[in-house]
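2 protein chains.
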Amino acid sequence: MTHQATTHPLDDALALQARDNGVFVGHTTQAYWNMVGPFGGITAASMLQAVMQHPQLLGEPISLTVNFAGAVMEGDFTIRANPVRTNRSTQHWMLTLEQPGPDGQMMVATTATVVTAVRRETWSVSDCPMPKVPDASHFERAAPDFPAQWLNAYDMRPVTGNFPKAWDGGGDASLSQLWVRDMPERSLDFVSLAAASDLFFPRIWLRRAKRVPIGTVSITTYFHATGAQLAQTGSSYLFAQAQAQELRNGFFDQTAQLWNAEGLMLATSNQIVYYKE
Amino acid sequence: MTHQATTHPLDDALALQARDNGVFVGHTTQAYWNMVGPFGGITAASMLQAVMQHPQLLGEPISLTVNFAGAVMEGDFTIRANPVRTNRSTQHWMLTLEQPGPDGQMMVATTATVVTAVRRETWSVSDCPMPKVPDASHFERAAPDFPAQWLNAYDMRPVTGNFPKAWDGGGDASLSQLWVRDMPERSLDFVSLAAASDLFFPRIWLRRAKRVPIGTVSITTYFHATGAQLAQTGSSYLFAQAQAQELRNGFFDQTAQLWNAEGLMLATSNQIVYYKE
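Residue numbers (full-length UniProt numbering), protein chains in the order written: chain A, 1 to 277; chain B, 1 to 277.
Quick caveat, the hints were computed from the structure, so don't treat them as lab data. Cβ atoms here follow ideal geometry from the backbone N, Cα and C, with glycine treated the same way.
Chain B stretches covered by chain A per the calculated footprint, using a threshold of three residues with CB under 8 angstroms from any CB of chain A:
1. 66-77
2. 109-118
3. 125-136
4. 210-223
5. 253-263
Covered stretches of chain A, going by a simulated chain B footprint (3 or more residues, C-beta under 8 angstroms):
6. 59-71
7. 77-87
8. 214-226
9. 245-258
Here chain A stands alone, though its shape is the one from the complex (with noise of 0.2 angstroms):
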C-alpha cells in the first residue's frame, strides 16, 4: 500500500497549471461551490494565486482587485496574468479569468488588478485596534446558515451580528464580529486570507432581516502583513468584522477587518454587492 498525502480542499480548488505567458488553468471544485457558481472567495484568491506562481512576482501582495463581471461556470477557466509594470520595489499586475461562452467563444468572467511590493521595517502603528472579546474557545461554531457548500469549508464562530433567526424585515445594524479558520485547518497564506476577506453573509440580510437576491460585484482588499506574518499566524483563528455603510438603490458596500488573535491587522477589505428590490 502507498502513503497518499491529503490535499486541502483549498489547495485542491487553487490548484493552477501554468502554460507559457502568464496563462493558467484551475478548475472550479465542489468544496467551494455557492448557490450557482463558486465562492466570491474563491475566485478572489484564484486570481492572486496566479500572481503568486507567476515567474516575474516581485515581492508580496499589498493590494488585490477582484471585479465579478459574469458567472463563473462549473469546469475550467483560464486566468491571464500580466505584470504590466515593474519598478524597483513595486509591481502592477492586470488579470482576467475567463470560459467558453454559450457560442463557444471566450467570454471573460472575472478581472482584477494586483498590487505587490517588497515590504521594509518602518515605523507602524494601528489606528483601528481589534475589539476586545473572549477568545475563540468561548464561542460556538455555528452550522452553516443557507445551503451552501462552501460555509462547511470554514469554522465560524459568531461573536455578535449572527445570522438572523426570523427573517421579520426587523433588522437595525449591519456589524458582525466572529472568530474563523479555515476547515479543515490550514496555515494562513495570502491566498486563504483573500479568501476570508470575503466570507462575511451579506449585510443587508443582517440589516433588513430580509433574504434577498444579492451579489458581489467589485472586492478589494489590502494586506498589511508579511507572508512570514501570516505563517506564524499558522491556523489559529481570525477575528473579522464587517459592517456595511450605506445600502442605496441595488447596491450596498461592506467594509471588514481581519485581524490574528495576538490583535495583528492581517487585512482590510471593502466590497460592493448589487441587491435586488
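Let chain A serve as the given structure and place chain B on it in line with the hints.
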C-alpha cells in the same frame, strides 16, 4: 470683440480627444499639478472620464479602482478603455493610461477597473450617518498647507484633524473632517466626485505629526448616488471624512466618506498608500 466662454479648470484637465476603439488622448494641466506629477485624484477622474465618454457606456459608475503604477509626466497621455463584459444591467471596464518612456516606447503609468450599472430605486438605508457638525459657513477656508498647485482648486474648510501646526512627532489620531467644494465652484458630477475622493492630505502626516515621503498606490471609490442626485447637489459644500486603519511597514490604508450637505452619502472610498521610514 467676441465673448470667450470660460472652461472650468477641472473640465480643462479632464478634456479627452476620442480616437478609435476606446482610445482617448489627454494632457496634464498646471491647475491640478501636485509635487512631481498630477494630483492623483485628477488621474483617477481622467480614467473615469474615458468611460463616461465611451460610446458603449451602459449605466452610471458604481465602482472605480485606480492603481498608480508609475509617475505621470507633464504632457500628453493615452487612455485605453475596454468594456470587457457587458451584461443586461452591468458593465465591466479595464483601462490603462500610457505615456512614452525614456527610450520612446509606451509605458503603463496607471491601470484601472470600472463597474457601471443601471440603477433602480430600491429599499435603502444609511448605516454610516453624517456626523452632526455646523454648516460650512461656520468654518474658515484653510490656506494651502504645502506647495502643490492643486490645493488651490479646492475650498477646504477643516472641521477636525487639520494639518498639523508642529511636526513634533506628537500625533495621536488620523481622523480628518472637512467641508469642501471645487474652486471656482462647479456643479458636482461623477468625475469631480472621483477627484474629490483623493483630496485628503496623507493620514500618516497627521497620525505621526511628521512629514515622510508618500505616494498613493491604489484607490477604490464606490458611488452611492445617481448622476441626477450629484447634479442636484450642485456646487454646495461636501462633508468629507478620512481615517487610517493600519499603518505598517511601508503602507497605510485610508477609509473615507463623502456626503452632501443634506447628509446623503455620495461616495465611500479606500486607498493604500506607500510611505517611507
